[in-house]
Amino acid sequence: MLRQIEGSQAVAETVALCRPEVVCAYPISPQTHIIEAVGAKVKSGELTPCEFINVESEFAAMSVSIGASAAGARTYTATASQGLLFMSEAVYNAAGLGLPIVMTLANRAIGAPINIWNDHSDAMALRDAGWIQLFAETNQEAADLHVQAFRLAEELSVPVMVCMDGFILTHAVEGVDLLDQATVDRLLPPYEPRQFLNVDDPVSIGAMVGPEAFEEVRYLAHLRLLDALERIPVIAEQFHEATGRNSGGLMHAYRTSDADTVIVAMGSVLGTIKDVVDQRRDSGERVGVLGVTTFRPFPAAALSTALAGAHTVVVLEKAFNAGGGGVLAADVTLALGDRSVDVLSVVAGLGGRPVTRQSLDDLLDRVAGGTIGGFSFLDLDLGVVERERASLAGARRPAPLAATPSSDRAEAS
Amino acid sequence: MSDATVFEVRIHGRGGQGVVTAAELLSVAAFDEGRHAQAFPSFGSERTGAPVVSYCRFSDREIRTREPIAEPDAVVIQDATLVHQVDLFAGLTADGYVLVNTSRRFDELGLDEYVLDLRPERLVTCPATELALEHLGRPLPNAALLGGFAALTGQVSLGAISRAIEERFDAGVARRNVAAATAAYEYVLHESERMIGASPD
Amino acid sequence: MSEPVRFYQVGSFAVGNRLARAEDRTVQSCPDRANAIDSGHRACQGCGEALGARYALDAAMRAANGKVVVVNATGCLEVFSTPYPETSWRVPWLHSLFGNAPAVATGVAAAQRVKGRFDVRVVAQAGDGGTVDIGFGCLSGMFERNDDVLFICYDNEGYMNTGVQRSAATPPAARTATTQALGMSPGNVFGQGKDLPRIAVAHDIPYVATATVADLHDLERKVEHAMSLHGARYIHVLVPCPLGWGSESRETIHLARLAKETGLFPVFEAERGVVTAVSPLRRRTPVEEYLKLQKRYAHLFGAHARPDIVERLQRIADDNIERYGLVDDETRDDRPLAEVAT
Chain A
1 MLRQIEGSQA
11 VAETVALCRP
21 EVVCAYPISP
31 QTHIIEAVGA
41 KVKSGELTPC
51 EFINVESEFA
61 AMSVSIGASA
71 AGARTYTATA
81 SQGLLFMSEA
91 VYNAAGLGLP
101 IVMTLANRAI
111 GAPINIWNDH
121 SDAMALRDAG
131 WIQLFAETNQ
141 EAADLHVQAF
151 RLAEELSVPV
161 MVCMDGFILT
171 HAVEGVDLLD
181 QATVDRLLPP
191 YEPRQFLNVD
201 DPVSIGAMVG
211 PEAFEEVRYL
221 AHLRLLDALE
231 RIPVIAEQFH
241 EATGRNSGGL
251 MHAYRTSDAD
261 TVIVAMGSVL
271 GTIKDVVDQR
281 RDSGERVGVL
291 GVTTFRPFPA
301 AALSTALAGA
311 HTVVVLEKAF
321 NAGGGGVLAA
331 DVTLALGDRS
341 VDVLSVVAGL
351 GGRPVTRQSL
361 DDLLDRVAGG
371 TIGGFSFLDL
381 DLGVVERERA
391 SLAGARRPAP
401 LAATPSSDRA
411 EAS
Chain B
414 MSDATVFEVR
424 IHGRGGQGVV
434 TAAELLSVAA
444 FDEGRHAQAF
454 PSFGSERTGA
464 PVVSYCRFSD
474 REIRTREPIA
484 EPDAVVIQDA
494 TLVHQVDLFA
504 GLTADGYVLV
514 NTSRRFDELG
524 LDEYVLDLRP
534 ERLVTCPATE
544 LALEHLGRPL
554 PNAALLGGFA
564 ALTGQVSLGA
574 ISRAIEERFD
584 AGVARRNVAA
594 ATAAYEYVLH
604 ESERMIGASP
614 D
Chain C
615 MSEPVRFYQV
625 GSFAVGNRLA
635 RAEDRTVQSC
645 PDRANAIDSG
655 HRACQGCGEA
665 LGARYALDAA
675 MRAANGKVVV
685 VNATGCLEVF
695 STPYPETSWR
705 VPWLHSLFGN
715 APAVATGVAA
725 AQRVKGRFDV
735 RVVAQAGDGG
745 TVDIGFGCLS
755 GMFERNDDVL
765 FICYDNEGYM
775 NTGVQRSAAT
785 PPAARTATTQ
795 ALGMSPGNVF
805 GQGKDLPRIA
815 VAHDIPYVAT
825 ATVADLHDLE
835 RKVEHAMSLH
845 GARYIHVLVP
855 CPLGWGSESR
865 ETIHLARLAK
875 ETGLFPVFEA
885 ERGVVTAVSP
895 LRRRTPVEEY
905 LKLQKRYAHL
915 FGAHARPDIV
925 ERLQRIADDN
935 IERYGLVDDE
945 TRDDRPLAEV
955 AT
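Quick mapping for you: the protein sequence lines, in order, are chains A, B and C.
Mapping of the first sequence onto my numbering: position 355 corresponds to residue 355, and the numbering continues sequentially without gaps.
Mapping of the second sequence onto my numbering: position 122 corresponds to residue 535, and the numbering continues sequentially without gaps.
Mapping of the third sequence onto my numbering: position 342 corresponds to residue 956, and the numbering continues sequentially without gaps.
Do not rely on the hints blindly, as some may be mistaken.
[To be verified] Restricting the straight-line Cα-Cα distance to at most 20 Å, the calculated cross-link-like pairs of lysine to any residue (SDA-like) are:
id: 1; chain 1: C; residue 1: 909; chain 2: C; residue 2: 860
id: 2; chain 1: A; residue 1: 43; chain 2: C; residue 2: 796
id: 3; chain 1: C; residue 1: 729; chain 2: A; residue 2: 335
id: 4; chain 1: A; residue 1: 41; chain 2: C; residue 2: 844
id: 5; chain 1: C; residue 1: 681; chain 2: C; residue 2: 635
id: 6; chain 1: C; residue 1: 681; chain 2: A; residue 2: 199
id: 7; chain 1: C; residue 1: 681; chain 2: A; residue 2: 195
id: 8; chain 1: C; residue 1: 681; chain 2: A; residue 2: 200
id: 9; chain 1: C; residue 1: 681; chain 2: A; residue 2: 190
id: 10; chain 1: C; residue 1: 909; chain 2: C; residue 2: 921
id: 11; chain 1: C; residue 1: 681; chain 2: A; residue 2: 202
id: 12; chain 1: C; residue 1: 729; chain 2: A; residue 2: 188
id: 13; chain 1: C; residue 1: 729; chain 2: A; residue 2: 244
id: 14; chain 1: C; residue 1: 729; chain 2: A; residue 2: 46
id: 15; chain 1: C; residue 1: 729; chain 2: A; residue 2: 362
id: 16; chain 1: A; residue 1: 43; chain 2: C; residue 2: 660
id: 17; chain 1: C; residue 1: 729; chain 2: A; residue 2: 2
id: 18; chain 1: A; residue 1: 41; chain 2: B; residue 2: 583
id: 19; chain 1: A; residue 1: 43; chain 2: C; residue 2: 808
id: 20; chain 1: C; residue 1: 729; chain 2: A; residue 2: 129
id: 21; chain 1: C; residue 1: 729; chain 2: A; residue 2: 192
id: 22; chain 1: C; residue 1: 729; chain 2: A; residue 2: 202
id: 23; chain 1: A; residue 1: 43; chain 2: A; residue 2: 54
id: 24; chain 1: C; residue 1: 681; chain 2: C; residue 2: 698
id: 25; chain 1: C; residue 1: 681; chain 2: A; residue 2: 198
id: 26; chain 1: C; residue 1: 909; chain 2: C; residue 2: 796
id: 27; chain 1: C; residue 1: 729; chain 2: A; residue 2: 199
id: 28; chain 1: A; residue 1: 41; chain 2: B; residue 2: 580
id: 29; chain 1: C; residue 1: 681; chain 2: C; residue 2: 906
id: 30; chain 1: C; residue 1: 729; chain 2: A; residue 2: 189
id: 31; chain 1: C; residue 1: 729; chain 2: A; residue 2: 383
id: 32; chain 1: C; residue 1: 729; chain 2: A; residue 2: 285
id: 33; chain 1: C; residue 1: 808; chain 2: C; residue 2: 844
id: 34; chain 1: C; residue 1: 909; chain 2: C; residue 2: 844
id: 35; chain 1: C; residue 1: 729; chain 2: A; residue 2: 284
id: 36; chain 1: C; residue 1: 729; chain 2: A; residue 2: 198
id: 37; chain 1: A; residue 1: 41; chain 2: C; residue 2: 729
id: 38; chain 1: C; residue 1: 729; chain 2: A; residue 2: 321
Derived by calculation from the structure, the hints in this document are not laboratory data.
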């Protein structure tokens with residue numbers, strides 16, 4: 001049913017339809033509305049049977065999820081940013097143990113400096129943990145991805161992170177077509193693990209594995225993620241058959257087939273980019289945008305095929321490797337291999353800085369004019385940067401970042 | 414850069430005045446009337462009394478962009494004391510609407526320098542806080558201002574606003590908010606007509 | 615359980631006791647005990663933790679009609695019991711991380727509830743490191759929620775598996791790899807300590823108990839009593855570590871007894887914030903008798919003896935005796951053991 005609803009509420013409604021058995025989370029902006037809504041459903045009895053547990057930290061949240069999932073319960077949690085890092089040990093543990101936990105990650109920047117607004121640095125921090133990472137473009141997709149996530153997780157015994165931009169999606173009210181219980185039940189059969197903590201058939205889970213076997217165990221995990229690359233499109237297709245929607249899959253291509261220049265990006269910024277693409281297409285420029293929906297495992301082959309005709313690829317992303325370059329850009333570059341195509345890495349929207357159509361338009365002018373470097377930051381206030389660098393020049397003693405760079409100060413060395 | 418089919422509204426106020434809810438209700442009203450709508454707050458530290466901005470876009474087509482509204486077609490000011498603190502009129506289009514919550518008249522607000530190039534009949538005040546006190550018993554002007562917005566711009570109907578309010582709040586609270594919205598609607602309608610009648614256009 | 619269970623007959627208060635009435639016999643003396651942790655594990659000779667875990671889990675299994683899920687923190691017990699691809703565990707067993715055993719157990723318990731398996735009980739276990747230090751946050755959270763988990767801490771007073779480093783449970787003056795016997799204050803500092811049993815009592819949970827591997831009957835009884843209750847329960851078991859303590863492997867049980875009889879390790883029970891029972895000292899014993907059997911205290915004796923430190927340790931013991939009322943005036947016998955024996 002089509003409703004004008006807050007993104008967090010849409011996700012909560014959909015997660016509830018997935019019949020989770022244990023939900024536990026620790027509050028952190030901007031995920032709070034999701035967890036509050038799911039919690040209310042459990043408390044009122046609307047979502048049953050389900051145990052909702054208020055824990056004392058994110059580390060506890062993922063740990064409780066591990067216990068519940070290992071005991072055979074369909075388990076869900078949500079977090080963001082600092083919370084994801086605080087549970088990072090357990091995040092790796094869940095993947096290593098092969099537990100099909102689904103987690104919503106309300107993408108938010110990681111401090112210091114503390115910043116509660118959107119970027120993708122949190123997801124990037126755990127990109128090698130062995131979780132499947134899916135990025136939603138809209139609240140519709142964010143809701144829909146959760147159904148696919150549980151299905152995928154339980155088929156492959158791999159945990160899945162559904163990423164949705166914090167505030168920009170979580171707190172936006174827009175039209176979402178919510179699924180009904182019957183459709184979700186058809187798409188998502190009950191969770192019946194092959195083995196779990198079972199008093200009738202005991203197993204020991206979580207043994208120490210030494211050098212003689214560790215590599216094989218890890219390689220098997222790698223193969224499961226490669227299997228995911230095969231299964232994700234199939235599950236997305238089944239979802240499409242049931243709902244008519246194209247949510248999920250490996251990527252979404254928009255006007256890329258004859259494009260000379262393709263922007264590659266993830267998450268909500270894709271909507272803004274599409275408006276710019278249409279505008280420039282109207283002026284005759286052959287430009288398109290490729291939205292990466294499945295970031296981990298990285299769909300290298302599919303991406304390479306999708307970019308086959310492009311001369312210039314602009315990777316626009318909300319994270320970067322300090323002292324290095326773009327993160328998504330690195331994956332894209334690797335995927336494109338030897339192909340002679342310019343990959344331009346652009347970092348944008350860090351810490352919630354809005355990415356505007358005007359900025360993107362200017363960016364594409366610079367791309368077209370060849371006046372952009374291989375690695376750049378969108379909308380950077382160079383004046384502030386230069387003043388800060390100048391004030392530190394000549395200083396002999398290091399100091400932590402005690403003041404914002406926009407304040408002028410004289411440094412006594 | 415603007416798209417002719419999209420109408421963009423920016424709502425300014427202070428934390429605790431229901432600025433975020435106002436944008437959401439506006440989007441629900443537009444949705445009710447079959448349009449695509451998007452509402453979101455600018456996410457500053459949420460503290461009672463701090464300046465807050467929320468946004469609402471509606472369109473007959475799917476809304477894809479997510480950027481904050483830089484060139485609003487309408488600005489709703491829930492708290493006139495913000496005028497010297499925040500650039501309330503930034504980017505307002507030449508045909509833009511301004512609705513200010515105040516018991517004074519627009520020309521008594523000392524905002525002339527900000528609105529020089531705008532169409533005077535689209536600059537309207539509404540004593541929303543007073544109407545809210547009268548109908549709700551609380552100085553929460555957001556519902557009233559939505560009624561005023563409907564009258565001023567005609568972008569949504571009062572009926573849609575009322576239905577949005579009823580969907581969001583419990584019966585008693587909803588009824589009182591609808592009453593405030595209706596009173597404000599009539600006030601602004603009257604004001605607009607008066608100004609159009611008075612303008613040399 | 616097709617493999618024959620081995621057990622040994624010793625004196626009147628120990629494992630076997632064929633002479634005792636059936637209802638007084640221990641779980642360990644039963645041939646059909648669960649053997650939750652089976653033989654073949656890699657623990658050191660004389661390991662108090664292996665002993666304590668065996669006693670505790672078999673008692674839990676009997677109390678729960680064999681339906682127990684065990685969650686284990688990282689540590690000696692986990693490492694020596696599951697050298698991949700083997701496991702000593704005959705029960706469903708999960709090892710997640712070092713600091714999260716209480717939270718993982720909460721999750722397992724929630725899963726049982728949601729599936730209507732009210733017959734399945736959850737036991738979480740960890741060493742002192744995983745309980746008192748890195749697991750503390752999760753433990754307190756589990757207590758506060760009153761999750762239906764029995765948490766057992768096997769306290770050998772240090773991080774033994776990683777090479778005997780100091781934990782918050784390490785007693786003052788004890789030598790460890792990070793509290794060396796050097797300088798003016800050799801060994802671990804004299805701080806306030808971190809008395810987990812008291813902290814557990816302060817959480818007002820349904821049941822808290824301390825025990826040692828010197829009194830098997832007592833430990834089994836406490837586990838069985840805990841299993842008769844629901845909600846958050848905590849048992850803190852003193853388990854000497856020959857390697858870490860620098861003691862003879864055959865002295866493990868003796869040391870545990872001395873720890874209790876000196877007053878250094880008070881044995882008591884509490885329910886919902888109130889101490890309900892204490893195990894009085896049978897024979898008040900000076901701390902020296904206990905300390906001298908352990909090389910981790912060797913720096914307090916001999917050439918550079920520190921009677922002042924021994925005195926401070928004695929005061930701690932005396933304070934415990936006072937606090938818990940461990941000396942029952944009617945039964946106490948202050949005569950030195952040598953005198954009594956003649």
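Cross-check of the supplied hints:
1. C:909 <-> C:860: The given pair, whose Cα atoms are some 4 Å apart, holds under the 20 Å limit.
2. A:43 <-> C:796: violated, 58 Å
3. C:729 <-> A:335: violated, 45 Å
4. A:41 <-> C:844: violated, 26 Å
5. C:681 <-> C:635: Violated, at roughly 27 Å.
6. C:681 <-> A:199: holds, 6 Å
7. C:681 <-> A:195: holds, 17 Å
8. C:681 <-> A:200: holds, 8 Å
9. C:681 <-> A:190: violated, 24 Å
10. C:909 <-> C:921: holds, 16 Å
11. C:681 <-> A:202: Since the Cα atoms of residue 681 (chain C) and residue 202 (chain A) sit roughly 10 Å apart, the hinted pair holds (cutoff 20 Å).
12. C:729 <-> A:188: holds, 18 Å
13. C:729 <-> A:244: Violated, at about 34 Å.
14. C:729 <-> A:46: holds, 17 Å
15. C:729 <-> A:362: Violated. Residue 729 (chain C) to residue 362 (chain A) sits at ~57 Å, over the 20 Å cutoff.
16. A:43 <-> C:660: The given pair, whose Cα atoms are some 50 Å apart, is violated under the 20 Å limit.
17. C:729 <-> A:2: At roughly 33 Å apart (the allowed maximum being 20 Å), residue 2 (chain A) and residue 729 (chain C) break the hint.
18. A:41 <-> B:583: holds, 18 Å
19. A:43 <-> C:808: Since the Cα atoms of residue 43 (chain A) and residue 808 (chain C) sit roughly 37 Å apart, the hinted pair is violated (cutoff 20 Å).
20. C:729 <-> A:129: Violated: residue 729 (chain C) and residue 129 (chain A) sit about 30 Å apart, past 20 Å.
21. C:729 <-> A:192: holds, 12 Å
22. C:729 <-> A:202: Holds - the C-alpha atoms of residue 202 (chain A) and residue 729 (chain C) are around 17 Å apart, at most 20 Å.
23. A:43 <-> A:54: Cα-Cα ~12 Å, so holds.
24. C:681 <-> C:698: Distance of about 24 Å is beyond 20 Å: violated.
25. C:681 <-> A:198: holds, 9 Å
26. C:909 <-> C:796: holds, 14 Å
27. C:729 <-> A:199: Given that 20 Å is the threshold and the Cα spacing comes to 13 Å, the pair holds.
28. A:41 <-> B:580: Holds - the C-alpha atoms of residue 580 (chain B) and residue 41 (chain A) are around 19 Å apart, at most 20 Å.
29. C:681 <-> C:906: Distance of about 43 Å is beyond 20 Å: violated.
30. C:729 <-> A:189: holds, 16 Å
31. C:729 <-> A:383: With Cα atoms ~61 Å apart, residue 729 (chain C) and residue 383 (chain A) exceed 20 Å; violated.
32. C:729 <-> A:285: Roughly 59 Å between the alpha carbons, so the hint for residue 729 (chain C) and residue 285 (chain A) is violated.
33. C:808 <-> C:844: violated, 26 Å
34. C:909 <-> C:844: violated, 41 Å
35. C:729 <-> A:284: The given pair, whose Cα atoms are some 61 Å apart, is violated under the 20 Å limit.
36. C:729 <-> A:198: Measuring from Cα to Cα gives roughly 12 Å; hence the hint holds.
37. A:41 <-> C:729: Since the Cα atoms of residue 41 (chain A) and residue 729 (chain C) sit roughly 18 Å apart, the hinted pair holds (cutoff 20 Å).
38. C:729 <-> A:321: violated, 45 Å
When each numbered hint is compared with the structure, violations occur for hints 2, 3, 4, 5, 9, 13, 15, 16, 17, 19, 20, 24, 29, 31, 32, 33, 34, 35, 38.
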